[in-house]
Amino acid sequence: MTDVTGAPAEVLHTLFHSDQGGHEQVVLCQDRATGLKAVIAIHSTALGPALGGTRFYPYATEAEAVADALNLARGMSYKNAMAGLDHGGGKAVIIGDPEQDKTEDLLLAYGRMVASLGGRYVTACDVGTYVADMDVVARECRWTTGRSPENGGAGDSSVLTAFGVYQGMRASAQHLWGDPSLRDRKVGVAGVGKVGHHLVRHLLDEGAEVVITDVRADAVQRVLDQYPGRVTAVADTEALIRVEGLGIYAPCALGGALNDLSVPVLTAKVVCGAANNQLAHPGVEKDLADRGILYAPDYVVNAGGVIQVADELHGFDFDRCKVKAAKIFDTTLAIFARAKEDGIPPAAAADRIAEQRMADARATR
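Letter by letter, the sequence shown follows residues 495 to 859 in the numbering used here.
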């Protein structure tokens with residue numbers, strides 16, 4: 495079913511009527527000469543210009559691309575609010591296979607599309623786009639971050655992302671066990687790629703016992719070679735979540751890691767990881783709480799990256815960013831306190847705090 499514009503009715507319902515909507519603006523972009531088809535979704539500018547990455551992905555349908563952009567943009571509003579940034583939430587998706595369809599001309603055309611919004615949306619990297627791509631986009635659009643140091647940017651944001659997750663783990667330990675130290679805690683890290691392998695270093699430096707897994711054997715081997723005799727590897731995530739004595743589980747790969755199959759068998763007492771959208775569907779947060787598992791909301795603890803790209807707009811300073819990312823410790827503790835006070839799961843508490851910050855900003859306009 496479509497409306498008079500030909501857009502699928504469920505997309506417009508999401509945008510205008512559902513609790514997942516409320517977006518300020520959605521822009522459909524096309525440049526026939528380069529093959530560019532993109533969607534830019536701006537969820538909120540209550541706190542400032544919308545900030546969020548550009549995803550380059552071979553969506554099956556245009557409707558799927560629009561729906562993903564809407565969902566991701568909304569998530570960025572909450573992430574930026576909880577990170578204490580003066581930015582709203584936005585996201586862009588480019589439809590296509592980045593391995594086959596990405597060209598310099600297409601990225602330049604995309605940059606012109608972002609620039610046409612006059613600063614309402616600031617773009618950065620996401621799945622399928624990289625620092626080198628942002629360098630190209632920036633040639634046409636000054637509202638671009640996530641660039642290389644050679645082009646005035648901060649480069650790879652995974653270092654601060656991992657540091658923020660580590661701070662979230664320390665806060666979780668403080669809340670649950672009364673001590674932020676992770677020494678002798680057994681921590682399982684699922685996914686030891688860009689962020690995960692940095693997280694492993696923080697854990698080992700503090701004396702944690704680390705167990706890892708990854709779908710890529712080379713990623714696992716890299717960590718084992720880097721820390722000989724100090725890290726244990728298991729075959730897959732299914733084995734990792736069942737490890738006896740696991741204190742903390744850190745999903746650092748794909749989303750949906752917490753679902754109806756994994757939560758009932760999870761041995762960890764804490765979940766705190768870098769992956770986005772860890773809760774497979776609404777209700778999983780309650781399932782975790784019912785099992786006595788403390789969940790550190792993903793969009794709160796993995797905000798180190800967005801803190802970095804936001805800082806880049808003002809002239810990147812790593813030490814300044816690290817101080818901001820360290821505050822994830824206090825923010826996570828505040829969420830746990832609010833959850834206890836309101837009698838709700840931490841994920842719901844984080845949403846309430848973010849929504850209040852955005853509402854307060856709108857009220858003062």
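Certain hints may be false.
[Unchecked claim] Once the Cα atoms are required to be at most 30 Å apart in a straight line, the calculated DSS-like pairs of lysine-lysine come out as:
no.	residue 1	residue 2
1	Lys531	Lys680
2	Lys688	Lys816
3	Lys780	Lys834
4	Lys680	Lys763
5	Lys821	Lys763
6	Lys834	Lys688
7	Lys780	Lys763
8	Lys818	Lys834
9	Lys596	Lys680
10	Lys780	Lys821
11	Lys763	Lys816
12	Lys688	Lys763
13	Lys818	Lys688
14	Lys821	Lys688
15	Lys780	Lys596
16	Lys816	Lys596
17	Lys531	Lys780
18	Lys816	Lys680
Everything labelled a hint here was simulated from the structure, so no lab data went into it.
Okay, the hints, checked on the actual structure:
no. : hint              : result
1   : Lys531 <-> Lys680 : 46 Å, violated
2   : Lys688 <-> Lys816 : 18 Å, holds
3   : Lys780 <-> Lys834 : 13 Å, holds
4   : Lys680 <-> Lys763 : 11 Å, holds
5   : Lys821 <-> Lys763 : 23 Å, holds
6   : Lys834 <-> Lys688 : 34 Å, violated
7   : Lys780 <-> Lys763 : 14 Å, holds
8   : Lys818 <-> Lys834 : 25 Å, holds
9   : Lys596 <-> Lys680 : 42 Å, violated
10  : Lys780 <-> Lys821 : 26 Å, holds
11  : Lys763 <-> Lys816 : 27 Å, holds
12  : Lys688 <-> Lys763 : 25 Å, holds
13  : Lys818 <-> Lys688 : 21 Å, holds
14  : Lys821 <-> Lys688 : 22 Å, holds
15  : Lys780 <-> Lys596 : 41 Å, violated
16  : Lys816 <-> Lys596 : 33 Å, violated
17  : Lys531 <-> Lys780 : 39 Å, violated
18  : Lys816 <-> Lys680 : 26 Å, holds
Comparing the model with each earlier hint shows violations of hints 1, 6, 9, 15, 16, 17; every other hint is respected.
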